[in-house]
Amino acid sequence: MTDMTTNSAALAPSSGEKFRERVLPFILFGLVLIVIPFFGPSRTTMTLLNHIGINIVFALSFNMLLGRAGLLTFGHAVYLGLGGYFCVHILNWIDAADGGFWGNLPVFSMPVFGFAMGALAGAVIGWPSCRRAGTAFAMISLGVAELMAAFAYMFDSLFGGEMGISGDRMAGPEFLGLSLGPLEEVYWFIAFWTFLGVVAMYMFTRTPLGKLSEATRDNPERVQFIGYNPTRVRYLVFIFAGAFAGMAGGMSAVQDEIFTPESLSLLPSGAILIAAYVGGIRYFSGPIMGAIVMTYMGSNLSDYTAGWLLYLGIMFICVVMFLPDGIAGIVFGFWRGIRSPDRGHLMGKWAQQLAGVFLLAIGIIVFVEVAFRWSEGYGEVWEPFGIALPHDAILTWIIGIIPFVAGVAVLRHVTRKQEEV
Amino acid sequence: METIVFSLLNGVIYGLLLFMLSSGLTLIFSMMGVLNFAHASFYMLGAYFAYTIMGVSSFWLALFIAPVLVGVIGMGVEKWGLRRVHANGHVAELLFTFGLAYLIDEIVKIIWGRTSVNYQVPDSLNFTLFTLYGADYPAYRIFMFFVAVAMLIFLWYMLKKTRIGLIIQAALTHPHMVGHLGHNVPLVFMGVFGAGCALAGLAGVIGGNYFITDPAMAVQMGPIVFVVVVVGGLGSLEGAFIAAMLIGILQTSAVSINASLADIFGFLGLSPASEVGEITISSMAPMLPFLLLVLILIVKPTGLMGDREV
Amino acid sequence: MTKFTRAALAASVSFMAMAGSAYAEMKIAFIDPLSGPMGPSGDAAFTSYKLAFEHINNEGGINGEQVELTGYDNKVSPKESLVQLQKAIDSGARYIFQGNGSSVAAAIIDAVNKHNARNPGEEVLFMNYAAVTPAFTNEACSFWHFRFDAHADMKMNAITDWITARDDIQKVYLIGQDYVFGEAVAAAAEKQLGEKDSSIEIVGNELHPLAKVKDFTPYIQKIIQSEADAVITGNWGQDMTLLVKAAADSGLTIPFLTFYGGSLGAVAALGEGSIDTLYQVSEGVTNQEASDEQYALIEEYKQRFPDYDYYYHRAFVAAEMLKAAAEKAGSNEPIEVAKALEGLTVEGAYGPVTMRAEDHQAQQNLYISTVSKDVKYGVDNIDLGWVLVDNGTIDASAAEEPTTCEMERPE
Numbered sequence: 001m002t003d004m005t006t007n008s009a010a011l012a013p014s015s016g017e018k019f020r021e022r023v024l025p026f027i028l029f030g031l032v033l034i035v036i037p038f039f040g041p042s043r044t045t046m047t048l049l050n051h052i053g054i055n056i057v058f059a060l061s062f063n064m065l066l067g068r069a070g071l072l073t074f075g076h077a078v079y080l081g082l083g084g085y086f087c088v089h090i091l092n093w094i095d096a097a098d099g100g101f102w103g104n105l106p107v108f109s110m111p112v113f114g115f116a117m118g119a120l121a122g123a124v125i126g127w128p129s130c131r132r133a134g135t136a137f138a139m140i141s142l143g144v145a146e147l148m149a150a151f152a153y154m155f156d157s158l159f160g161g162e163m164g165i166s167g168d169r170m171a172g173p174e175f176l177g178l179s180l181g182p183l184e185e186v187y188w189f190i191a192f193w194t195f196l197g198v199v200a201m202y203m204f205t206r207t208p209l210g211k212l213s214e215a216t217r218d219n220p221e222r223v224q225f226i227g228y229n230p231t232r233v234r235y236l237v238f239i240f241a242g243a244f245a246g247m248a249g250g251m252s253a254v255q256d257e258i259f260t261p262e263s264l265s266l267l268p269s270g271a272i273l274i275a276a277y278v279g280g281i282r283y284f285s286g287p288i289m290g291a292i293v294m295t296y297m298g299s300n301l302s303d304y305t306a307g308w309l310l311y312l313g314i315m316f317i318c319v320v321m322f323l324p325d326g327i328a329g330i331v332f333g334f335w336r337g338i339r340s341p342d343r344g345h346l347m348g349k350w351a352q353q354l355a356g357v358f359l360l361a362i363g364i365i366v367f368v369e370v371a372f373r374w375s376e377g378y379g380e381v382w383e384p385f386g387i388a389l390p391h392d393a394i395l396t397w398i399i400g401i402i403p404f405v406a407g408v409a410v411l412r413h414v415t416r417k418q419e420e421v
Numbered sequence: 001m002e003t004i005v006f007s008l009l010n011g012v013i014y015g016l017l018l019f020m021l022s023s024g025l026t027l028i029f030s031m032m033g034v035l036n037f038a039h040a041s042f043y044m045l046g047a048y049f050a051y052t053i054m055g056v057s058s059f060w061l062a063l064f065i066a067p068v069l070v071g072v073i074g075m076g077v078e079k080w081g082l083r084r085v086h087a088n089g090h091v092a093e094l095l096f097t098f099g100l101a102y103l104i105d106e107i108v109k110i111i112w113g114r115t116s117v118n119y120q121v122p123d124s125l126n127f128t129l130f131t132l133y134g135a136d137y138p139a140y141r142i143f144m145f146f147v148a149v150a151m152l153i154f155l156w157y158m159l160k161k162t163r164i165g166l167i168i169q170a171a172l173t174h175p176h177m178v179g180h181l182g183h184n185v186p187l188v189f190m191g192v193f194g195a196g197c198a199l200a201g202l203a204g205v206i207g208g209n210y211f212i213t214d215p216a217m218a219v220q221m222g223p224i225v226f227v228v229v230v231v232g233g234l235g236s237l238e239g240a241f242i243a244a245m246l247i248g249i250l251q252t253s254a255v256s257i258n259a260s261l262a263d264i265f266g267f268l269g270l271s272p273a274s275e276v277g278e279i280t281i282s283s284m285a286p287m288l289p290f291l292l293l294v295l296i297l298i299v300k301p302t303g304l305m306g307d308r309e310v
Numbered sequence: 001m002t003k004f005t006r007a008a009l010a011a012s013v014s015f016m017a018m019a020g021s022a023y024a025e026m027k028i029a030f031i032d033p034l035s036g037p038m039g040p041s042g043d044a045a046f047t048s049y050k051l052a053f054e055h056i057n058n059e060g061g062i063n064g065e066q067v068e069l070t071g072y073d074n075k076v077s078p079k080e081s082l083v084q085l086q087k088a089i090d091s092g093a094r095y096i097f098q099g100n101g102s103s104v105a106a107a108i109i110d111a112v113n114k115h116n117a118r119n120p121g122e123e124v125l126f127m128n129y130a131a132v133t134p135a136f137t138n139e140a141c142s143f144w145h146f147r148f149d150a151h152a153d154m155k156m157n158a159i160t161d162w163i164t165a166r167d168d169i170q171k172v173y174l175i176g177q178d179y180v181f182g183e184a185v186a187a188a189a190e191k192q193l194g195e196k197d198s199s200i201e202i203v204g205n206e207l208h209p210l211a212k213v214k215d216f217t218p219y220i221q222k223i224i225q226s227e228a229d230a231v232i233t234g235n236w237g238q239d240m241t242l243l244v245k246a247a248a249d250s251g252l253t254i255p256f257l258t259f260y261g262g263s264l265g266a267v268a269a270l271g272e273g274s275i276d277t278l279y280q281v282s283e284g285v286t287n288q289e290a291s292d293e294q295y296a297l298i299e300e301y302k303q304r305f306p307d308y309d310y311y312y313h314r315a316f317v318a319a320e321m322l323k324a325a326a327e328k329a330g331s332n333e334p335i336e337v338a339k340a341l342e343g344l345t346v347e348g349a350y351g352p353v354t355m356r357a358e359d360h361q362a363q364q365n366l367y368i369s370t371v372s373k374d375v376k377y378g379v380d381n382i383d384l385g386w387v388l389v390d391n392g393t394i395d396a397s398a399a400e401e402p403t404t405c406e407m408e409r410p411e
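Chains as they are written, first to last, in the UniProt record's numbering: chain A, 1 to 421; chain B, 1 to 310; chain C, 1 to 411.
Worth flagging that the hints you see were computed from the coordinates, not collected in a lab.
Glycine included, C-beta positions come from ideal geometry on N, C-alpha and C.
Treat the hints loosely; a few may be bogus.
Unchecked claim - Sample of chain C residues at the chain B side, in silico, Cβ under 7 angstroms: (1) G251; (2) A268; (3) G271.
Said to hold, decoys possible - Computed, partial: chain A to chain B, Cβ under 7 angstroms: (4) A150; (5) Y311; (6) G313; (7) M321.
From just these sequences and the hints, can you work out the full model?
As structure tokens, this is what we get:
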């Protein structure tokens, strides 16, 4: 008994460790955000970066529910959408006002209003739905999302019907000398709020409420024993998650200057679920990585291949089946591995795994590309590196099957060996 | 009157089709705790398999072969996919089926093209059975009715009167106990998953030509099947049946009510010109199942007939 | 060095050489769904543009510049469209083609207006080939937007003209999807029928939920009860197909006048139930009288893209008008081309097409057609196809609608 009490003080991280683990990453993150524009990214890259920033905040807010509180939701886009819609309306009020409160409000402050609207929506919708956890909660969120999307199509004056509502981000007074017209200026706006959002959500995990939400996820009964009400904890976390999603909506309203009812539907909710999960819901930084990767792939993969949806599907299934910790799991596993004493052995294992994945990927890519050309390529033949691979040639099948089988064999071999050890 | 008769008739047939889909899902959901998001994709596969088999032989052959094929695929998915993910918890399982739905959609598009296929009612069933209030009533709908009822009786017999049924029923409520008694629970799971998928496939075979066979049919059917299962209650086929009928009739009959909210709540001063007053019951029909879902879960989380919380 | 890497190197070198030697190019971006559920309708139009610009390139391009057409997949999401639009503009495209979804079109019009205001000297033009919301060439009109498809009110004009010309149609039933577009279609039908022929009675006006109804039999039942002689609907997608299918199943064979009956897969899904039931209004159908070149074009299209049918005639017209305008202006600068496009007339395969200067709305003949057996060109790879109906030709002047547009022109 005495041992434990003395140890717990010694177990606490030293101030050096605290700095390294809790402050340094954010300083680095901020530096990266500041440095990016000096590489002179094109406007396309800027647009993409802005969307990534929005999705980082959105994915983190989603993970406050799924990763931290263990609440799976299929309707998180509702809060982003409501926050965003509110901000587009404000943009129009600013544009229409001369003087007064709206006339003097800088557009820069939009995410604050999105935050408030998201919190309000979370408070209203969360009240009935947070009484349940688990699958019931997930199903309620699905129902609510369907209902909200249907409502949005019904009330044209609020949601603008199919065409949505657009605003002008250049309206109102400038703030910090940002007119928000050119994309570079919007980048600074997004970077500022992304940084603020990430830091705020990290700080949330350090609050007693943040800790309690994790406890409620793992063992709600025990939380009740020590005198807290799990429903209340869930409800409060839900309000915060809605608020941060609304904040992402406010950022999105300024970046895209338009909101349509489909932004409340199941589709964007499903997309953010996939992004957060692929990134790794067990790490704080997982959803950030997921948002970066999935936003990039969502916008750019379709330039390279018609089968991009299929690749995304395969990738998602592979992550669910083999990498439940997602991208963050790989990154941190690698980081821990190269600092551990038997890194030589681990390196060998990783090299083998990498080779296996590479072979497997070749096999899958050959199959998918050939299949897509057979199905809708209008007689076009896939020619990677100048080698023609028509769907009816034996060579195609060889190039597809051999790497596939070899990849599976290598991966199984590695797994077996690991199990033996 | 005419409208009511038609709504009821079509509502019952639609409800039976929904039940065919949701009975498999209920079995899977209550036994394994997995909400199979890809269930409607198996429904779609059934329709496409039937279309292909009908192309080379006959509809009657397709009626038997297509569900079996879908069932075999379902078993494969359970054995090599779901079972592996099981260790990572329910969320992972759910997400696996979520991804699987994506994958099946894409593969269907590669094989059968991206637009609807010409899957038609077989000639032997393509005639008017009777005329009701001036409208022809196609024989195929009555055929659907009989297939669904036959399946219902078969399922009931299987579950209540056979040994396999007893084990499945036991596994529905006490899966661990069944395992302790020495039954091969993974095999039961695989069988139930396959059978559930086969039922969805059968629904696809008879529903595909009643509606339209295209790659979007899974997405359109998906959410509503969940609603049926959850509203009906976990582990309860009777509940699923009642919920399927309720939602089938609700959806087909509410569309024929033209009254607007202003007509109903006019006494509260709701103006028919206002945006809320304008909304008609018929335009709210598709939202009713989801409203029902949310309300049921809040009020009675066990569902209509279930005895366990979702 | 293995053979494989050597081949790879050789391939990449030759590819770079190709890219390097390319001469002056006019870049055109096509932003529409190219994957996912809506993919086919975007792809059918994309392939049409591909063929149209290929022909133009073979004849020496536009003002000596070869056209490079690139498809950008917007997944029918307005937000994603803005990303793709930025991508297109950055890659040097100054002409944007889009058509699927009024929500996307509205987003692009808004974004193009803002882009052109914020980046003078880098203007882009938006060529809308299928988004039919009347507002785009009325109160929301823009100098940078040109529409090559007849808008909803014009199509309704064609339908109501045809109905009033038929003496046997006295009772009309309106049914549509419960959202902005469905409401607009119903309102336009009511207004126009009232103005044109007061003896025609509207026996039903119904809105149903968008894309949610599985079984239309209760509605068909209502239509039968009302003894309507024809049905007008703005329905698209499964709502259109299921509606007509339910009618065929119930033995109701009156004309269903649709905007989107010709969309991909509808005839295949309906089979013979669509004969003399499914009607559509379009800017031309393959089976109508045309020149030999037009027949050759239809056949070439079908042979190149067997999944689709020659449907987007306006894609070919739009490409031709772009070329004519650029050559008239003597420049490929969007501002000059836009000015030249105003009031321009080209001779299309199914009659002349004029781009009205006041609102940038193309004026062209419209045709009412229905499904028939024994046709020259079938659709959806079955033996049914579209044929012109009696009095089915609606002259451009009859279909024309006034505009409320107050165009703001640069300088």
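Non-conforming hints, listed in increasing numerical order: Checked against the structure, the only hint that fails is number 5, while the rest are satisfied.
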